[in-house]
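Engineer: Guided by the hints, dock chains B and C onto chain A, whose structure is given.
Chains as they are written, first to last, in my numbering: chain A, 1 to 340; chain B, 1 to 340; chain C, 1 to 340.
Because the hints were derived from the structure by calculation, they are not lab data.
Model, not experiment: these values are computed from the prediction.
Just so you know, even glycine gets a beta-carbon here, dropped at the ideal spot from N, CA and C.
Any given hint could turn out to be false.
Said to hold, decoys possible - Simulated pairs of lysine to aspartate or glutamate, DMTMM-like, Cα-Cα distance not exceeding 25 Å:
no., chain 1, residue 1, chain 2, residue 2
1, A, 130, A, 180
2, B, 130, A, 124
3, B, 163, A, 202
4, A, 117, C, 120
5, B, 28, B, 3
6, A, 16, A, 54
7, C, 139, A, 54
8, C, 16, C, 34
9, A, 201, B, 272
10, B, 201, C, 272
11, A, 257, C, 91
12, C, 47, C, 83
13, B, 117, C, 60
14, C, 117, B, 120
15, A, 46, A, 3
16, A, 130, C, 120
17, C, 257, C, 275
18, A, 117, B, 293
19, B, 201, C, 293
20, A, 139, B, 164
21, C, 201, A, 54
22, B, 257, A, 239
23, A, 201, B, 293
24, B, 201, C, 217
25, A, 254, A, 54
26, B, 206, C, 217
27, B, 206, C, 83
28, A, 117, B, 60
29, C, 201, A, 3
30, B, 117, B, 91
31, C, 47, C, 60
32, B, 47, B, 31
33, C, 254, B, 202
34, B, 201, B, 217
To be verified - Covered stretches of chain B (chain A as the covering partner; in silico rule of three or more C-beta atoms under 8 Å from a C-beta of chain A):
no., region
35, 120–128
36, 257–264
Said to hold, decoys possible - Covered stretches of chain A (in silico footprint by chain B; criterion: 3 or more residues with CB under 8 Å from a CB of chain B, positions within the stretch not fixed):
no., region
37, 13–26
38, 38–48
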Amino acid sequence: MADPRFYSVAGPFNLKSIADISNASIGKGVDDQEFFYDVQTLSSAKKKHISFLDNKRYIDQFSRTSAGACLVHPDFINKAPDDISLLISDEPYRGYALVAAAFYPTLNMLNYQIGPKPIDDTAEIGENCKIASSAIISKKARIGNGCQIGANTVLGPGIILGKDCRIGANVTISYSIIGDRVCISSGTQIGQDGFGFAPGKDNHMKVPQLGRVIIGDDVDIGSNTSIDRGSGPDTVIGEGTKIDNLVQIAHNVKLGKYCFVVSQVGISGSTEIGDYAVLGGQAGIAGHLHIGDGARIGAKSGVMGDLKAGITVGGFPARPLKEWLRGIAMLRRIAIRKDK
Amino acid sequence: MADPRFYSVAGPFNLKSIADISNASIGKGVDDQEFFYDVQTLSSAKKKHISFLDNKRYIDQFSRTSAGACLVHPDFINKAPDDISLLISDEPYRGYALVAAAFYPTLNMLNYQIGPKPIDDTAEIGENCKIASSAIISKKARIGNGCQIGANTVLGPGIILGKDCRIGANVTISYSIIGDRVCISSGTQIGQDGFGFAPGKDNHMKVPQLGRVIIGDDVDIGSNTSIDRGSGPDTVIGEGTKIDNLVQIAHNVKLGKYCFVVSQVGISGSTEIGDYAVLGGQAGIAGHLHIGDGARIGAKSGVMGDLKAGITVGGFPARPLKEWLRGIAMLRRIAIRKDK
Amino acid sequence: MADPRFYSVAGPFNLKSIADISNASIGKGVDDQEFFYDVQTLSSAKKKHISFLDNKRYIDQFSRTSAGACLVHPDFINKAPDDISLLISDEPYRGYALVAAAFYPTLNMLNYQIGPKPIDDTAEIGENCKIASSAIISKKARIGNGCQIGANTVLGPGIILGKDCRIGANVTISYSIIGDRVCISSGTQIGQDGFGFAPGKDNHMKVPQLGRVIIGDDVDIGSNTSIDRGSGPDTVIGEGTKIDNLVQIAHNVKLGKYCFVVSQVGISGSTEIGDYAVLGGQAGIAGHLHIGDGARIGAKSGVMGDLKAGITVGGFPARPLKEWLRGIAMLRRIAIRKDK
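In isolation and in its complexed conformation, chain A is listed as follows (with noise of 0.2 Å):
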């Protein structure tokens, strides 16, 4: 479930209620008045939790769910698990994006600080830590010792910093934990939505967003990054690993240990990326992808799949260095002819 130190899950309610909530019908042979307890995806749900079938991609997931119920479109019933409760639906990603709301009512009540005092008396600060002025520390955040927090940063209710952390000035936390000697620069944001939305004809409908950001040790981010918190899963920054500026990190990112994330570069929701990738300027990964250890990926790059450990691509759509520079070389070359 999500973590408690960030989120207060309400419920339990019985299948009949939630089929009412997400607008599904309730498969054959289905007890309606079971009780769940949460929303989980495929992969981690239980018994007593509710989870959604959204992208073919994770049929197989869907297939080996240990989830109790599953809203799922009518076409995919048939891949379904034995034993579990079917929720069906047309829209199973809005119906999802219902449901956890239900179990999630609070989510999107901003609790920083409020009032006058800028630093809550809950909040847990270590010893011989130097706060700047105007930094806000919201309730039950437990700051490490030896941490600097600089002027006008926010740190969200509940976010753990570890000890030795230095943070710029202006910057933003929520949904955190954060290991020790993190330095973060001015103007980042850390933790707030991902960008996760189920489409509609009238309104495209928020989903609730319910994991968290957990940062490794020693990992260095540069000023006015983003790195939006996971959707259920956590976005995951590994130790070690070095994140310059005005870089997005989208939800449910797996950022291996000792990479290097040049300026600008955006990774989309749910990628994940081994050890030591070291990824160049405005470079773009798109979402749902494995980048194996130690790939390279060049500047302004634009990669579109899978990468296996250990390659150098470059170009749009990116491609094995050497391919994509004789590409360019053979179109250099007509294109000059042609001049003459």
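Structural biologist: Positioned in the frame of chain A, the structure of chains B and C alone reads:
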């Protein structure tokens, strides 16, 4: 005229003064004692307004304008409508910048809240609002019922927020009128000056930016995004549109309803985008274009011309998706063949 | 040496200590008791300074350096000038990082204003300044006459602002010296650490950033832009240059006078750009390049080599505009033909 909620107009000035201010010469047979009360774009100017023609793209508007007077390059005098008073200049855009600055002399005065009170006495705050520590609400701002305002967020004078809006931390909003249920994530900046300069050898002159940002109901905006206010016309975001992190929306952009704009997209000045358009991550759209309803623009593509409704494009320069993919496949085949 | 306005140097250290700190071995015939007083780049180091050679690109500077001692890889010893004391290391850049950290032990101490007074008593504020609520002005900062400072903006210790500057809300400025009539929009971050790390298997070591940001008169900078300070040399923005939103300017960049830098451009470290250059939106420039005066770099192009003055380029990799357009046209013709 510029919205008096945000701008105080000076004047009137007679044509003789305006010619002096703008280093223009007055056309033949013009009454140089006539008074003018404001500057306006060609399409919205009336009899007592000064306008300007700078970009050939707008000659047609010039020929049909109802402006009483207009700054114009000598080359285009013959396109003028009857009855207009011409102000002839080799640099009409610089001339306009000087005249606009004369009409709006206090434009560049920052007018955020000053003093120890973070919320001005003249601000109107609705019922059941939640305002976090160190949020600044400037004079005559109007905040609807049920709004939440994050810590260290700055709301400029006169801005209007509808009801049930949720504004994150470290946000700045000025010169803006915002609908109901709008969510804006941390670190986003809305309503600042657009990038408008009249170039010159010894200095590039800042052109006064006299428009607003108008945001419809149910819009969602991510973190570290920039939305500049209009230069005279407004910058407009249609209802239900969802905008991700680190997006650039330049002055005078009109973005339709229910669009998706993914992270790190850039939309250049005065471009108009229809309803239900989808802009993939890191896509860039040149200025002064028309993008039809439902157009789908692939991630990282660069759009350099108008797009018709419903089209799907990719690549740089952006082409119909199939054509782009075919070109890529071809280049790849040749490059691999030469490898053998 | 690093500007004492911003940095306090420790030491001196004798060569024996410096070799221990940097895990280097001392070259033959060197007096290991000689004292050194600072670190410096190859081109500006003098007799009592320690320098380093890391990048082959700088071998020439190494051969002519006046540095008294230098960290160097064994492979390049034979390129050393006479009379230099060599510190031999397989990882000279890491060695430098360790020595620089020893000379500047308080570098990573955030020194923003602390305590309830937002403006430090030692800050000098000129006449007729307008300082909005919750603006933080740290010790020994110097603000010229007629400046306007936005709400929740943070000015670091020792920074200098010329007269009649206009700084928006939620801006951070540190380690910077800024001219007259400079405008900086909301959410922009200036002077933070550059992205400098000495890579290593078990950790990437942060290299102390000891330079400043120097901004000329009449510069205009948009919102959410990042300008890192130099690593030793300064980052420099020439007078009259106009920079848009969400732009990345890395450490040691020299940007000429009267340039235009459009939104979402990225300029990599140590690149030098001449006067009157125009960089289109989303363009990227690799590091260590020289871009001539008046060069015009098309939107979204990727510049991977030096550009001569006055050239116009487009595409990725960037080529002379006509050549790029010809290549595109050709590719398009073939792709369309195959369609039939």
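Engineer: All the hints need checking, so say for each whether the structure fits it.
Structural biologist: Going through the hints against the structure:
| no. | hint | in the structure |
| --- | --- | --- |
| 1 | A:130 x A:180 | holds (16 Å) |
| 2 | B:130 x A:124 | holds (24 Å) |
| 3 | B:163 x A:202 | holds (20 Å) |
| 4 | A:117 x C:120 | holds (20 Å) |
| 5 | B:28 x B:3 | violated (33 Å) |
| 6 | A:16 x A:54 | holds (21 Å) |
| 7 | C:139 x A:54 | violated (55 Å) |
| 8 | C:16 x C:34 | holds (8 Å) |
| 9 | A:201 x B:272 | holds (21 Å) |
| 10 | B:201 x C:272 | holds (21 Å) |
| 11 | A:257 x C:91 | holds (21 Å) |
| 12 | C:47 x C:83 | holds (10 Å) |
| 13 | B:117 x C:60 | violated (59 Å) |
| 14 | C:117 x B:120 | holds (20 Å) |
| 15 | A:46 x A:3 | holds (16 Å) |
| 16 | A:130 x C:120 | holds (16 Å) |
| 17 | C:257 x C:275 | holds (5 Å) |
| 18 | A:117 x B:293 | violated (49 Å) |
| 19 | B:201 x C:293 | holds (13 Å) |
| 20 | A:139 x B:164 | holds (23 Å) |
| 21 | C:201 x A:54 | violated (40 Å) |
| 22 | B:257 x A:239 | violated (41 Å) |
| 23 | A:201 x B:293 | holds (13 Å) |
| 24 | B:201 x C:217 | holds (15 Å) |
| 25 | A:254 x A:54 | holds (21 Å) |
| 26 | B:206 x C:217 | holds (14 Å) |
| 27 | B:206 x C:83 | violated (54 Å) |
| 28 | A:117 x B:60 | violated (59 Å) |
| 29 | C:201 x A:3 | violated (33 Å) |
| 30 | B:117 x B:91 | violated (45 Å) |
| 31 | C:47 x C:60 | holds (18 Å) |
| 32 | B:47 x B:31 | holds (14 Å) |
| 33 | C:254 x B:202 | holds (19 Å) |
| 34 | B:201 x B:217 | violated (44 Å) |
| 35 | 120–128 | violated (count 0) |
| 36 | 257–264 | holds (count 5) |
| 37 | 13–26 | violated (count 0) |
| 38 | 38–48 | violated (count 0) |
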